[in-house]
Structures are given as C-alpha cells and as structure tokens.
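A.B. asks: Residue-level listing of the chains:
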Amino acid sequence: MSSTFDTIANIIAETCDIPRDSITPESHAINDLGIDSLDFLDIAFAIDKAFGIKLPLEQWTQEVNDGKATTDQYFVLKNLAARIDELVAAKGA
Amino acid sequence: MRLEYFQLIDRVTDLNLSDRTIRTENTVPSASTVFEGHFPGYPLMPGVLLVETMAQTSGWLVVALNKFGRMPFLAAVKDAKFRTFVVPGMVLAVEARLEHDGSGYAITNAKITSAGKPICDATITLRVMPFPNDEIRQHMRDQAVRLGVPSVEPAHG
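Chains as they are written, first to last, in this note's numbering: chain V, 1 to 93; chain A, 1 to 157.
These aren't lab readings, by the way, just hints derived from the structure by calculation. Idealized CB from N, CA, C, for every residue including glycine. Worth double-checking, as some hints may not be accurate.
[As the list claims (entries may be wrong)] Straight-line alpha carbon distances no greater than 20 Å define the calculated EDC-like cross-link-like pairs of lysine to aspartate or glutamate that follow:
#1 V:LYS49 to A:ASP79
#2 A:LYS111 to A:GLU25
#3 A:LYS78 to V:ASP42
#4 V:LYS49 to A:ASP101
#5 V:LYS54 to A:ASP101
#6 V:LYS49 to A:GLU25
#7 V:LYS49 to A:GLU99
#8 A:LYS78 to V:ASP36
#9 V:LYS54 to A:GLU99
#10 A:LYS67 to V:ASP42
#11 A:LYS78 to V:GLU58
#12 A:LYS67 to V:GLU58
[Said to hold, decoys possible] Some chain A residues well away from chain V (every beta-carbon gap over 12 Å; in silico):
#13 PHE6
#14 ARG20
#15 SER32
#16 MET90
#17 ILE107
#18 LYS117
#19 LEU126
#20 ILE136
#21 ARG141
[Stated by the list, open to error] Which chain V residues face chain A? A few, computed with CB under 8 Å, are given here:
#22 LEU38
#23 LEU41
#24 ALA44
#25 PHE45
#26 ASP48
#27 ILE53
#28 LEU57
#29 GLU58
#30 LYS78
#31 ALA82
Here chain V stands alone, though its shape is the one from the complex:
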C-alpha cells in the first residue's frame, strides 16, 4: 500500500504533467511545482476521490488570507499528506 505522499505525488505528476521524480515531500505545490489554483482543483478532485474526503480548500485559503496560516502548512506536500491523513482519520472516527 502506497503512502499518502506517494498517492498525491502520483496524482500531481499525472494531473499536471510534472516528472514524478521531481516531486518530493519538501516540494511546495505552488512555489516549487508551479501549480496554479485552477490546476489545484483537478488535484483536489483526484485527492477527494482517492481518499473519500473533501479537502477544505476554502477554509485553508481563508486562513492564509487572514494571516492565520501559511501556505507551507497546506501546500508543502508532506504537510498536505499530514492534513489528508487527519481528514481520513476524522472521517473514520
């Protein structure tokens, strides 16, 4: 069974045509991989389907805009993977 990071890295590679080996847990989806908000909708859709969750993109965006969070917390891939694991755990609780 692949890790959460592997799953989202594969999704990003396929969705955005980015070489898989250039995607690391430290990669920032926006700043390092150049993924824009529209492409991220495709990624979110694939993640939602793969994990059976609903990424709270609007809440995250609001928190960043309000200065309550940084984009690193949600868009560095190891952090994104951790957020997804939390959402999956919450769903099963």
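Following the hints, complete the assembly by docking chain A onto the known chain V.
C.D. replies: Same frame as chain V, now just chain A:
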C-alpha cells in the same frame, strides 16, 4: 435561447436535488445575428454556445443545491465532444449530473440531445463562490422564476 445575451436556457424541466440532476429544454432560435456570421448561408449553432448551454444548465443545478447561497462560475471544460451539427429551430434537451461537490468547486457531467439523438457532452468544472453582490443574487432569483426553477428556500433570508 437568447444567443446574443448568453441567456441559453429556456426552461428547467426537472430538478432532482437528491439525485443531484437537472434537465433543461431550449429551442435554438430560427434567426440570430450569430448565424449571419456562423455561417452565411449555412447557419450552425457554435460549439462554444453548446458548451455554455451545458455550463448554464450545470450552474442552475449548483445554484439550487446551494439554495441560492452561492454562485457558480465556469472554470474548466473537459472532454467536450460535438457529435452532430445544431441548426436553427432545433430543440435541445440538456441534462447535467453533479459528479463531485468540492470545497469551492463543483464538477458535473453534462450532455445535450435532440429528439433522442446525442449532440454533445462534456465534463464541466465550476468555481462556487459567494455572490459578488446582492444585485446579481436578485438577478439569479428573477431568472430562476423565469426559467421555472422549482422553489428552493434561500440559505440567507
């Protein structure tokens, strides 16, 4: 269908919020300035307007599912296929089904048929945002009445 005004839906014939589906029926006008250029002597409904018709049908579904609390905007169109020419006077039956209700976006599968014959289909992505202002929200409510969108209780007053 008022092509020049991008008002492409004539009426909503079915809306099923539990199944997350909608149907609209729309008649291509017999005359329009659009047909004067597309094409002289051979009028065809432009494919982009067929996409817009599927997007607007999808949009009304999303508006209704959000109880007029949010507004959809076209963000992406995928796998659009145009299978048959559409000419003035044709009646277009449009169906859309919500494929995914995401956070701030929605994805639908939509298709158009005419007399049971497939016309076109596509997967539509809509951004779903708060109404930019009360004027647009009221405009959408007025349009909903015109189109026969079944009554939906508003989310906010």
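A.B. asks: Does each hint fit the structure? Answer for all of them.
C.D. replies: Hints versus structure:
no., hint, in the structure
1, V:LYS49 to A:ASP79, "19 Å, holds"
2, A:LYS111 to A:GLU25, "12 Å, holds"
3, A:LYS78 to V:ASP42, "11 Å, holds"
4, V:LYS49 to A:ASP101, "11 Å, holds"
5, V:LYS54 to A:ASP101, "8 Å, holds"
6, V:LYS49 to A:GLU25, "31 Å, violated"
7, V:LYS49 to A:GLU99, "11 Å, holds"
8, A:LYS78 to V:ASP36, "17 Å, holds"
9, V:LYS54 to A:GLU99, "13 Å, holds"
10, A:LYS67 to V:ASP42, "25 Å, violated"
11, A:LYS78 to V:GLU58, "23 Å, violated"
12, A:LYS67 to V:GLU58, "18 Å, holds"
13, PHE6, "22 Å, holds"
14, ARG20, "15 Å, holds"
15, SER32, "31 Å, holds"
16, MET90, "33 Å, holds"
17, ILE107, "6 Å, violated"
18, LYS117, "31 Å, holds"
19, LEU126, "10 Å, violated"
20, ILE136, "19 Å, holds"
21, ARG141, "23 Å, holds"
22, LEU38, "6 Å, holds"
23, LEU41, "5 Å, holds"
24, ALA44, "6 Å, holds"
25, PHE45, "6 Å, holds"
26, ASP48, "6 Å, holds"
27, ILE53, "10 Å, violated"
28, LEU57, "4 Å, holds"
29, GLU58, "4 Å, holds"
30, LYS78, "21 Å, violated"
31, ALA82, "18 Å, violated"
When the structure is compared with the earlier hints, violations turn up for hints 6, 10, 11, 17, 19, 27, 30 and 31 and for no others.
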